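Protein chains in written order, with the working numbering: chain A, 1 to 265; chain B, 266 to 530; chain C, 531 to 795; chain D, 796 to 1060.
Mixed in with the good hints, there may be bad ones.
[What the hints assert, rightly or not] Listed next, the in silico BS3-like pairs over lysine-lysine satisfying Cα-Cα at most 30 angstroms (straight line):
| no. | chain 1 | residue 1 | chain 2 | residue 2 |
| --- | --- | --- | --- | --- |
| 1 | A | K167 | C | K680 |
| 2 | C | K544 | B | K505 |
| 3 | C | K719 | A | K167 |
| 4 | A | K14 | C | K544 |
| 5 | C | K684 | A | K14 |
| 6 | A | K167 | A | K110 |
Note that these hints are calculated values from the structure, not bench results.
Here the structure is a predicted model, which means the values were calculated and not measured.
4 protein chains.
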Amino acid sequence: MAWASLNFRSASLKMPVEAEVLIPQPGYKDLKQEENYKVIILLHGANNDRMEWLLKSQIMDMTRQLPVLVFMPSGKNSFYINTYNNYRYKDYIAEEIPQFLRTHFRVSPKKEDWLLAGESMGGYGAAVCGLSHPDTFGNVAVFSGALVPKDIEKDLPGIRMSNIFGKNLEYGERLENDPFQLAASVPAKQRPRMFVCCGEEDFLFDVNRKFYEQIKEAYDTTAFWGIGGHEFVYWNERLKDMFKWFCPAELEHGVFMGRPGNDIR
Amino acid sequence: MAWASLNFRSASLKMPVEAEVLIPQPGYKDLKQEENYKVIILLHGANNDRMEWLLKSQIMDMTRQLPVLVFMPSGKNSFYINTYNNYRYKDYIAEEIPQFLRTHFRVSPKKEDWLLAGESMGGYGAAVCGLSHPDTFGNVAVFSGALVPKDIEKDLPGIRMSNIFGKNLEYGERLENDPFQLAASVPAKQRPRMFVCCGEEDFLFDVNRKFYEQIKEAYDTTAFWGIGGHEFVYWNERLKDMFKWFCPAELEHGVFMGRPGNDIR
Amino acid sequence: MAWASLNFRSASLKMPVEAEVLIPQPGYKDLKQEENYKVIILLHGANNDRMEWLLKSQIMDMTRQLPVLVFMPSGKNSFYINTYNNYRYKDYIAEEIPQFLRTHFRVSPKKEDWLLAGESMGGYGAAVCGLSHPDTFGNVAVFSGALVPKDIEKDLPGIRMSNIFGKNLEYGERLENDPFQLAASVPAKQRPRMFVCCGEEDFLFDVNRKFYEQIKEAYDTTAFWGIGGHEFVYWNERLKDMFKWFCPAELEHGVFMGRPGNDIR
Amino acid sequence: MAWASLNFRSASLKMPVEAEVLIPQPGYKDLKQEENYKVIILLHGANNDRMEWLLKSQIMDMTRQLPVLVFMPSGKNSFYINTYNNYRYKDYIAEEIPQFLRTHFRVSPKKEDWLLAGESMGGYGAAVCGLSHPDTFGNVAVFSGALVPKDIEKDLPGIRMSNIFGKNLEYGERLENDPFQLAASVPAKQRPRMFVCCGEEDFLFDVNRKFYEQIKEAYDTTAFWGIGGHEFVYWNERLKDMFKWFCPAELEHGVFMGRPGNDIR
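Let's have the full structure, built from the sequences with the hints guiding it.
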């Protein structure tokens, strides 16, 4: 696998941006050269950055032998929407990055091979951006999503939420920024496969459960609950479930190969 | 905590080198500004590099609230000795880096506050460099050390061992490159505290056990065995034990604080 | 010299930040170990980031043999003030970074040894932050400063200036954000040494000239004009002048030593 | 343009390697999306690394608006050959990297669109690797090449040349490591276009001149001499000439567009 730290100009955000990318390395182990890779865009949580998943999960070990490209952007504390104060993060995540990947890398053109995923603020972002662009993302994974940002304003004292969602946060209640309304709005034939998980000790358990209840009939939905808090100890276990859900065929006999933890990238 | 990716000229190696450093951030949480930090120099295994511990262990989470500076150099496949073909890695690890840290950072001058640790090839390096410089390193930790490199030549087909240890690897049998002879040679008053661990399924179990048997009386030695292979699944558990052994007072009531896994660095 | 890419949590900005630092390497060439380094904080221009000076100037070559630490933060498009929408960049630049440097590095405690400098938006930031904190910065260098941001709003179509300066940009006219008022407000005994430069073809020539006319009597001011545009071709020449002005004694016989361009860092 | 810092496993070198890549950004300015980029592999000099050209030349500015991908590997002090002590750098540079680029990026399949270039030790590497693989590299550029490494052993006291070239450096006199013999050995129809330059004050002037005299008739050769030493002050001027030689059509009216030095990457 190749790991690239990218620095480029975002046309949507009109500034330099940085991202981490894990690129399958054909010829190493069992990867075939002619393959078009699957794609995962992986969103971090509030007060963190593009390095979060690399440092806190085993994402690098897990994808080492899979034909999957993983792209991890920085979302600052934008909640990944086109913010009230006009930073166009949704456009960046759901339009510019896919275009960038299709241009530069050997990625699959089929939406079934694309997954947008994230944790907490990133889970909200995955739901909002994914459900707004169902023709790009055939799969959406929400890890303990902050699905109603208004409810957690008090938990994020360092973030001026009105910059993102407007005074009184009414901007967050619009269709384009509300996962519940968005989920209801996607035409049946376009609906992505959904993966939802949240630990029972997580302060976001109820809202994730509520979201699941809304979508479980209409969408092809896979959910995981169980013991766990708002932390990577829980999400790392679910990440394995996510890979089994997103690329069962690529996993050998359904399990990760090799000796995770002690092989070279 | 601050994380620095360093690039500087090594006088010992006569080339540019790179290293990762985790620096305690006084003022954040409970760190006191006037403190001199403890130091851990952490060595990676064969066929890997300075990013290994950051990517495969929770070292960043574990030290976030500790007054401990962690320095992770790249050792290429040098086994961290002054090699037969004249790359002076031992001088770099055990002399130049400590001098560099004493010069640039607010580190403790006391050897009791310094620890040299590593896994596999890095465990061998920790033993060799640490026991050669007991006035610098008051603590040495060996995780599944490749303590007799000659025995594992067949396991490392990609490494031309004769560059490092000479034809027939006889250079590895000299006092200065042999952990067993070195351990026997350190005067009683200078002996560092030793931490040794190896899982029972590890192909290096026997040699680590043998090393332990040799030193357990003469050295202040702490050892961990138990189920486990040659991999980070095992080493990550031992890493927690290592912190309890190296900085029990700094851990609050002997345990890691906070929510490891979901706080910001 | 050591080059560190830093990643840490900013208490002022309440998010992870990144910065580049050039650290003198004692023992290499003529640097003395016991020295406390001078400090330059170097600010980039609009639509750029912390890598700008490293990539576009010879700053690394110029400081290789000087006992000067150079810190290059990212300012996004904040103009380095405490913005209208509440990102506290001025606090970050003028309070948190100096505190960070005093804590972690061997820097001089004397304000005479500290310089805040920048180009364009960064020149404005240097003037505003420096003149607001004259007890920290004994020296301020303005390269083609965007000293009246309101005047260049049309030149920066990608930046929503009202986020930074408020609707109608009236927030930029307050004392704390206006270099002209700030310069008039600093008590005589506290005034920093000033370095001002701007090329004659630069669209900011007039405003820099006007600033110079205001301060030239009251401040110890050094100015450079001459042929040149709003670009590094000009600023690189002035950067040499800045070093002669800021550390004449450290330059050997007043000139840069060695073979700039082909030595190792 | 996107700038990627790459980290991947080299099969030739059997270890993790790092490289810097500048990737054209279609859609930005005049780049067309359907284009296959030209490729430049750019080799650094002795005692330096993959960042050298980025930090010491204007390569980033120069290629910002060109459909050219630039790949800058680290060659340590290997002289880019398959060394006597068995590090297979030539295979890495001339086989593995081209294969890596063809696999991952949208690069031209035509050798006319590929250029291997370098300065000093990198100039030797460009000549040796390029002339050994004329079906891959249709263009080779030598900046002040260390074309007879034996002659400069005394100038590189930090490098144990016998590791690379064997005792008495006789390994450097073999056909596969000698630019002069290699140049004589390439069949007429396969010969790459050659670019050679060296300043008159450079201690390598004579050997570069001699190389030029040997190849000037048989090869399509472009040469630059003139005042200059062994340094980037000279090479930066020649770099502009190299671009005019390698991509005249892509330069607008033969000159670099825009405002080099003050635009965003």
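Hints and how they fare:
Taken as a hint, the A:K167 and C:K680 pair is honoured in the structure, with Cα atoms around 25 angstroms apart against an allowance of 30 angstroms. Between C:K544 and B:K505 the alpha-carbon distance is near 29 angstroms, which keeps this suggested pair within the 30 angstroms criterion. Between C:K719 and A:K167, the direct Cα distance comes to roughly 44 angstroms. Violation of the 30 angstroms bound is thereby established for this hinted pair. Distance check on the hinted pair: A:K14 and C:K544 sit about 22 angstroms apart at the alpha-carbon level, within 30 angstroms; holds.
Our distance criterion of 30 angstroms between C-alpha atoms is met by C:K684 and A:K14, whose separation comes to about 15 angstroms. This hinted pair does not check out: A:K167 and A:K110 have alpha carbons roughly 40 angstroms apart, beyond 30 angstroms.
Consistency note: the structure conflicts with the earlier hints numbered 3 and 6.
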